[in-house]
Amino acid sequence: MTRRSPLLLSVLLFGYAFLYGPIISLMVYSFNESRLVTVWGGFSTKWYFELLDNDQILGAAWLSIKIAAVNASVAVVLGTLAAMALVRYGRFRGRATLETMVTAPMVMPDVIIGLSLLLLFVSMERLTGWPQGRGQTTITLAHITFSMAYVTVVVRSRLAHMDRSLEEAALDLGARPMKVFFAITLPIIAPALAAGWLLAFTLSMDDLVIASFVSGPGATTLPMVVYSSVRLGVSPEINALATIIVVIVSLAVAAAGLLMYRQEKRQQD
Amino acid sequence: MNQARNTASDASWQAGSAEPAIRIENVTKTFGKTYAVDDVSLDIYPGEFFSLLGPSGCGKTTLLRMLAGFETPSSGRILIDGKDVTQVAPYERPINMMFQSYALFPHMTVADNIAFGLKQEGMPRSERDKRVQEMMELVQIVPFAERKPHQLSGGQRQRVALARALAKHPRILLLDEPLGALDKKLREKTQFELVNIQERLGITFIIVTHDQEEAMTMSSRIALMRDGRVEQVDPPRRLYEFPISRYAANFIGSVNLFEGVVIEQQGDEVLLQCDEAGAVLRVRDSRKMASGMPLCLAVRPEKIRLLAPGEEGPNQLTGVIREIAYLGDVSIYHLELPGGKRVQFTQSNVQALAEQPLTWDQTVTISWRPDSCGALSE
Amino acid sequence: MKWPALPRPEGRQFIIGIPWFWLALFFLLPFLFVLKLSLSESTLAQPPYLDIVREFKDGLVVLAINLGNYELLLEDSLYVKALISSLEIAAFSTLLTLLLGYPMAYAIARAPRHWRLPLMMLIILPFWTSFLIRVYAWIGILKNNGLINQTLMALGLIDSPLEMLHTPFAVYVGIVYSYLPFMVLPLYATLIRLDMTLLEAAADLGCRPWKQFLTITLPLSLPGVLAGAMLVFIPVMGEFVIPDLLGGPNTLMLGKLMWTEFFSNKDWPLASALAAVLLVVLIIPFMLLRHFERRSEEAQ
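Protein chains in written order, with UniProt numbering: chain L, 1 to 269; chain G, 1 to 378; chain W, 1 to 300.
It is worth saying that the hints were derived from the structure and are not from the lab. A couple of the hints might just be wrong.
[As the list claims (entries may be wrong)] List time: in silico BS3-like cross-link candidates among lysine-lysine, alpha-carbon distance up to 30 Å: (1) Lys33(G) with Lys130(G); (2) Lys36(W) with Lys266(W); (3) Lys83(G) with Lys211(W); (4) Lys303(G) with Lys341(G); (5) Lys148(G) with Lys189(G); (6) Lys189(G) with Lys303(G); (7) Lys119(G) with Lys211(W); (8) Lys83(G) with Lys119(G); (9) Lys119(G) with Lys130(G); (10) Lys66(L) with Lys46(L); (11) Lys148(G) with Lys81(W); (12) Lys211(W) with Lys81(W); (13) Lys184(G) with Lys130(G); (14) Lys33(G) with Lys265(L); (15) Lys211(W) with Lys130(G).
Required output: the full structure, derived from the provided sequences and hints.
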């Protein structure tokens, strides 16, 4: 019953071409000698060197990486707690609210999240004096809030599919609940935690809108720099940057995919 | 043991005169390098309750799926009523199937599930409603007409699946492990209901099962399968009493096997020297057999009789009782012969308190008639 | 949840409490501030608004609620138009995403088993690379001397470049492109769970392949369709980057308008009122989304 229809296959091919065509075109033009991005002026790697000389981009990238790393680490902890609560604690008071609060940030338009968090930070500063001004801290707090929702989804599905008798066996053998969590549960859900961390990191590296709202003078993240440069038109340096990002991400995803594939194979054997 | 069903209508394939409802001609199905079905030929006649019996992986389900049209044979032909349907799509075959998982459409009510096939053939609404009602009455699910499948018990779902497959009045109904998901009590009850329905509607049933008891109870004929091939095709009684191979003898019921070599033939009896029994055994078989040829004698535990002290009988063996299993209706005894071979035999527990029950380590003599055992050459 | 008490790590109140309060503080509470600010007046100060709770020197506390922002939203046809246009763009692009995403998800779910994981990875992979950069890539493709126009002119199919960038067309392309994974993922999840024997049963009962799709596959994948549609529709309603970079000055969308009011006009109260309107509009689709998610959880 798995006859392949040519129509379906061509839609699939078109879909992938649609997804990858633009990315590939960016990568090709990043090696273009000419500044007029769309006119081919011969092969060159000069834009990569110019990128390396661009202190503004490098500084923004470094700030983004710092924010993303802190964000991912905190989001993994919070997201795991939320996933544990939702999977393990059945009906508790506030469950519906928590469910809503972990789903909503994933679909909520960025402009709303950004504006509402900014207003919160302004009011908090007025009332308590913290956070003082806006910048790295407020961006990190904002990113944690929406990326923990993604972590929750990833960890939650892993927890829900986990064989509960493993934990029961450990309890039966005399391990205390805390010990069971660290010795049994955590190693089993570790791949989900890793995936959640990477996802949170990527989301943070990628966010323009929320960061623009809650950032202050002096804190310019990489997407903000890219945005202001892109607004002025196509720029070969951005193409070079895009190529670097795509290559890093592809390598990471390929490695993760290979790991998953191997794991799956081992389980099948 | 279960009574094999033998009705008058079962005679057609024995006479070999009637046109088969399904003819399977040298059908082979390979998946990669493995042969799921290997050169199977079968004729199944109208009105039969035909079982494909075998352990999992023997190819019986693949064979059934080829009849339904979900798989295409790698070679060979399938004919329904004389017409080649090998390449015909499932939705164009005059065959319906009841799935092992029941495959009830979860988004439709019971009545809609049953009406589904009728809608496909464009039956007018009034007629369709009548047919659906009839079917629900037939399988006794009328009160559940408006329920969705997930609101039904396992037994009720099984009935809906049956009604849905029967609704189009197919000439042939395929049933893939129809009772597999039911518990034992319900299974036994449903077995008889299936047979009743089949007889009432006169539809040819082809059923796949791994449960020998189920096959024995319901079938007019059984095809015993092994590794993609058909080992033996016979009515239940013949299959049980006269298996043609060790595999067939072992698959259905229990059996004692005695390996030996032919000494001579006396009329229609064969004498064989059996070293593991330490005796000469007799088996009734009129086939020509050369002396010195290896032969296996198969005897069912319930065919073995206990000899009273001093009594003489054919195939007489003496040994010590080593194990007793009390099953209620019968008890199974394991007799150890002097050479170490064990023989199983059963005794009905006729009286609640037997006068002289057999006990462990008791020495007894057993015997069976030459026409109550079979000779296996394979 | 059928699991009663078993291995509950100690400290239940912390496990539930910490994420709960974090989200309540940083996600729910801020909406109240949006609401509050939308009722206040704009001013030239830092921050540029007047608090609605004002305390005067003599200790008098005054609640100054200003409905002017909402009045303005209703009076100035720009905002009503933006709302309608956002709804139109979001609905139409959701439909387009579905039309492309469904056959893709279907084809992947029906692909040989060992192909499925790599094919899904390829769907998700672009999602991991920068959203901004992916949208930017389309500028180079769609603009007047961009890739498409150059190709078409080189082939001699057109004489003068087609106007594509800064048109609604570019916005649709950008949205479908960016949100495709969100559509394919839930669709794939429902299609892969679909019991194939149901289709065999339908075929067995005389149902042709195309009708099998309409009577069995499509109705059973409806929860996935609606979940995917909401996952696209909701965020697109407030989309800023795509209409800003690919759309023209005539592309009216609430997200872009909010950005302008906030960053260019420094009118925080009006931006807040727009955000409040957008929130209210999105409540129903969001409830729908939650409903289908719950149903698919129960199905598992």
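Q | Hint numbers not upheld by this structure, sorted from lowest to highest | A | Hints 1, 11, 12, 13 not satisfied by this model.
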